[in-house]
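The whole structure should be built from the sequences, with the hints applied where relevant.
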Amino acid sequence: MAYAYLFKYIIIGDTGVGKSCLLLQFTDKRFQPVHDLTIGVEFGARMITIDGKQIKLQIWDTAGQEAFRSITRSYYRGAAGALLVYDITRRETFNHLTTWLEDARQHSNSNMVIMLIGNKSDLESRREVKKEEGEAFAREHGLVFMETSAKTAANVEEAFINTAKEIYEKIQEGVFDINNEANGIKIGPQHSTAGAGGAGGAGAGGAPPGGCC
Amino acid sequence: MFRSRSWFGGGWGRPKNPHSLERLKYLHNILCKNTTVSESNRGILVESLRCIAEILIWGDQNDSSVFDFFLEKNMLSYFLRIMRQKCGGSSYVCVQLLQTLNILFENIRNETSLYYLLSNNHVNSIIVHKFDISDEEVMAYYISFLKTLSLKLNNHTIHFFYNEHTKDFPLYTEAIKFFNHPETMVRIAVRTLTLNVYRVQDASMLRFIRDRTAAPYFSNLVWFIGKHILELNACVRNDADHQSQQKLDDLVAEHLDHLHYINDILCLNIPDLNDVLTEHLLHKLLIPLYIYSLTSESSKRPATSSPYNRDHIQSIEVITRNLEAILTGKSTDTPSRINYPLQRIESDDETKPSVSCVVSLFLLSQVFLIITHGPIVHALAWIILQSDLSVFEDGATKILDMYVSNAKSNVKLEFSKPQLSLEKALENTSCPDRDYTTPEYSGAKAFGYDTDQSSCDLDPELVSTSLPSTSHISESSSVAHDSTEDLVTQIQPVKSDSSVTLSKANMPDSPLPDSGVESGSSKVSELNNITDEEKQKLLGNKPGVNAERVATTIEHILENETRNIETRPFLKTILDSLDCSENDYKALFALCLLFALINNKGVNPELLDTLLLSEIEDESKSNASLSNKANVNSDETPDSSHERSSSNGKRKIESFNALLISKLMAIAVLSCKPASKVRLVTCELSVRLLRTCMQGASARHRASVDNLRARSAALARNFYKCDDIFLDMFEDEYCEMSKRPLNVEWLCMDAAILLPPTRTPMSGIAFEKRLPSGEMERARRAIRTFFLIRELSLKLSGKPETLLPLANPAPFVQVADILDLNDSDLISCDIIQKDGTWQHRFLAVDNIQVILVEPDKQRLGWGVAKLVGSLQDLEIQGDKDDPRCLHLTIHKPRVGASASLPRTVLLRAKFKFDDHIRSMAAKQRLTKGRTKSRQKKMQQIGRLLEVSGVSAPAPAARHRPLFARPALAAVRRHSGIDGDEPERRLRRPSGHVLKDGIVVYRERTTSRESISRSSSAHASREGSPRARSEDIPLEDIRRNPGIAAAVPSTSSSSRVPQVRVTPSTSQHPKLKSTSSEETSFISSEPRVKRKGIVETI
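Chains A and B are the protein sequences, given in the same order.
Residue 1 is where the first sequence starts when you use the UniProt record's numbering, and the numbers rise one by one after that.
Residue 1 is where the second sequence starts when you use the UniProt record's numbering, and the numbers rise one by one after that.
Check the hints yourself; a few may be wrong.
Covered by chain A, per the in silico footprint, the following chain B stretches (three or more residues, Cβ under 8 Å) [unchecked claim]: (1) 57 to 65; (2) 98 to 112; (3) 135 to 147.
Since the hints were made in silico from the structure, they are not lab data.
All C-beta atoms, glycine included, are put in the ideal place defined by N, C-alpha and C.
Written out as structure tokens, the structure is:
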């Protein structure tokens, strides 16, 4: 359970794009994707390893709270990473990205890493948004882009881990003030800034929901 | 740790299909067999719990029998049993349990299933279970569980969580215990949950919330906001060097979060809840901390002219005390309070918590920017604007009396720690034998609802035996605690010997108006209409006012207001803060506050007359109503205002409009000085406020603003040079300004402004929010100041902006236009782009544009424009290796606000010509064209800045026709591009031909004269520059007299006085003749002229 860093993520995007499914898919691999089951969760945590360090990811879904400005505001501010999700089979979810992004940029701290995700890539036949469009949007706004499928688990791992890698790099570059927990980054319990390397280790699989890593 | 799979591996007879009723039965069997959690069966239990979630959701979506079995076997009770075991490593199991529950409640779609799940009280038992919340992971899952449940709340499900009979609502009461949890996400979840609860429209539940929890919750909330503010204040005080800006950012953001949260609650519009919240906010935070901090500094300053000079300091004390008396209202009726058995310490300013004036102004601005709930903002505005020493000394009791009848409040006016920790308070409320019938509650019930007696008036012995989760609550400064009491006791004597002079009618703008939001807002809009109409009328009546009389009155009024302001300590602090002579640190916040206050929808507009109502207008109004009083305003005293109000039935609001305007003007004047310490943002804000305050826009205001404009032009003129950078800077600044008009709300989110103003750009602070560093930035600042003040001047005089943005002589030729190029000067070239693509084009140049054309396939001698760029935005470079080549970069022109700062490149390519002579010709033509088009713009700027000598053509002259146009028939081929194209084309007098390297003007409508000119130009060989240069002025001259006479543009009208001052007698004709040669001499001219103009100012 010990970790070097804890990163807090939020997942944003229109309702029905599969945010909570992505979240569950990533945080708990024991729930294997099955054809006749749609299942998701609003919160999850999981341990990953980057650069030999244990990093805990805590992911908070912000669904259902859009009505309150104070809530969205604070969520953005408290996160180190955000997954901005749209549904490749529904054009309108793609069209709303600009609004989401504006919101995120306005409220978050400037270092927050945002990853754009086109979900439901398994539904190729019903695709309404081309991959190239997603790529172009990401390029234009300086985001990392990926198409995923919570159904087949394709790219789900990568989406979360690549985001974490980028945050980790920013920490190494000294961009993030890691002593300030308001950034959505926390230093692990045994992890002092001096002895950066040693923490963690045996933590993998410790947290039950993340048991398979 | 056990891997769950291994437990299932060896033949337990597990059904193969993971999603089936059989599988659930099998899992049920496992739960039955493992009722005690132990080291050995933990793994299998966790995996079973996980699988149960999966199967149930599958069942919910596919097979209802699964859910029936789950309910039938009452499997939730197993969950509880497992949870309650104190077994080593139980967090491991608990986390799984909570995850299962989260999944369950998150994914269930079938409403009946949900009801069944909630129907026995298991979920509530799980909620109240004492999880090990010191475990980060358990805490996160637990709070997510509570939040997930709150998202399921509605009119039906609420009854599963809130028990009306036992007055029990564990979901809510358990959650709010974590309102101040150190983990951000937990705090956010709690806020989400509370909001989700409040918005369920269930009267009984809301009554419970109000009666049992509102007071303790809100008092604690408010107390922690206050503590937060003190921290913020300390941070500002200790950081003059911008070292901990990030921490400050967070503290400011946190305060905003709090305000937004409070606003979200208020916006749910639950009257009872809003009343309690309003009281706590006002009496426990906004007045005793924010407003009080405005007084503390002025009280220390010796007041010289105040009528209350003798004990000014004491007067402030009196105010604060009286304020409390007014706002608490009821306190006389509860003598038990005065006999409070606590130790008392003498009150003095030092012991009361307060923040610096800067912080207080900043925070109040945020309050007014975010919160629009009438009762709060109106009361606050009333105190700031109206609270007045004489009123307090004379009329406290009367006001009190008035308020006693409808007073709602029992909340003491003091920023103090809630005397009971939230947890304790909640414990008390949920205690079953304590309810409405106990005496403690009955007293308050008479006033409509309960107050925070439970938290504030309880026996001090009860005070806080804090529990772990709320341990912060108890640690508070004893200072704040102690001063809670002494104030109350000291109020008594003050109240008893105060006399009564005020009538009830004097209080229409009372601190606590009707709290019904709807009625309030409708009233507000009504009032808005009335005042607007009145002002319009007044405007109409005004012209007759004699200018001289106005001047004397103004002096009187100013004098008067300066005297009267002494009686408004809070407003005085704000207005005093506007003084920028040293720096504009404080002034910026005072401006923000005034702006926010004036623009807040919840503030009664009548109250704003204190700031906005011009005394002169007011005079005409009062003259109309009270004809017997000749000079009401000049000899008005506080007493006369009373008198008048009684005769009027409506209280006359004493206005400080003139004083405010004079302060704002002082800022604007200061910012027009070269070495001023006024930041752009301060200037912009004061200019914007000036516009609001000068609503009447009297001649006097217009004159002073025009004078201001002249000053700002003079400032900008210092930087007017003919180098390229000035023009680019000028246009950039204009774009920048129009693109991003000041947003005060965003400004007040920026913690950086809380630190003393800095100069260095290395601080990372935006240019507008710091002082200029270096000559370049000083020039930018001067230009921007000029724009701001020019805009104000135009707005006040009601004139439209005609000169800005600097008009690019309208780009007549556009891409895909078809041009008649017969006999034009074309240079054939190959355009080689970086990626190797290659095109053959003809290069044509007119006086503002560079055009690349391709021959039209259908008509010989005609060409299609493939690319059009303005010469102004052209970069030309020769090629070192190949004399036949040129490197050209064509930027996209800035168009008003739409242009972005990093300029878009239209084309960057190598142009290869047939030989080096053509190449040189092209280079020369482009370079000259560029210089000239830029000179044109510089002239426009010169005119704007009133650089003497640069006067000539009126704006309209710029719109000159260019190329020959094909007949409409030919044009139509591409006219689909844009709808109004044909119309535009028709308006345009065309008839220009590119000829032999000469751009010739040949208007169809022009006289023979110009045609003859064109033929003479045609004769010159390589003379395009001169031919053009002569051509332009010709046209100018032709047009100028008519325009100058017909259109008195701002620049020409303001130019007139200068002409008079300049010794040169024949200024006008001379200007015109120079303008005809201007193209060749312009570079030396402005400097010479600048000298001249400086002398005239």
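Evaluation of the provided hints:
1. For the stretch 57 to 65 of chain B, the stated coverage by chain A is satisfied: 4 residues place a CB nearer than 8 Å to a CB of that chain, which reaches the threshold of 3.
2. Taking a C-beta to C-beta cut-off of 8 Å, the stretch 98 to 112 of chain B contributes 5 residues in contact with chain A, enough for the three needed, and the coverage statement holds.
3. Only residues whose beta carbon comes within less than 8 Å of a beta carbon in chain A count, and the stretch 135 to 147 of chain B has 5; three or more means the coverage holds.
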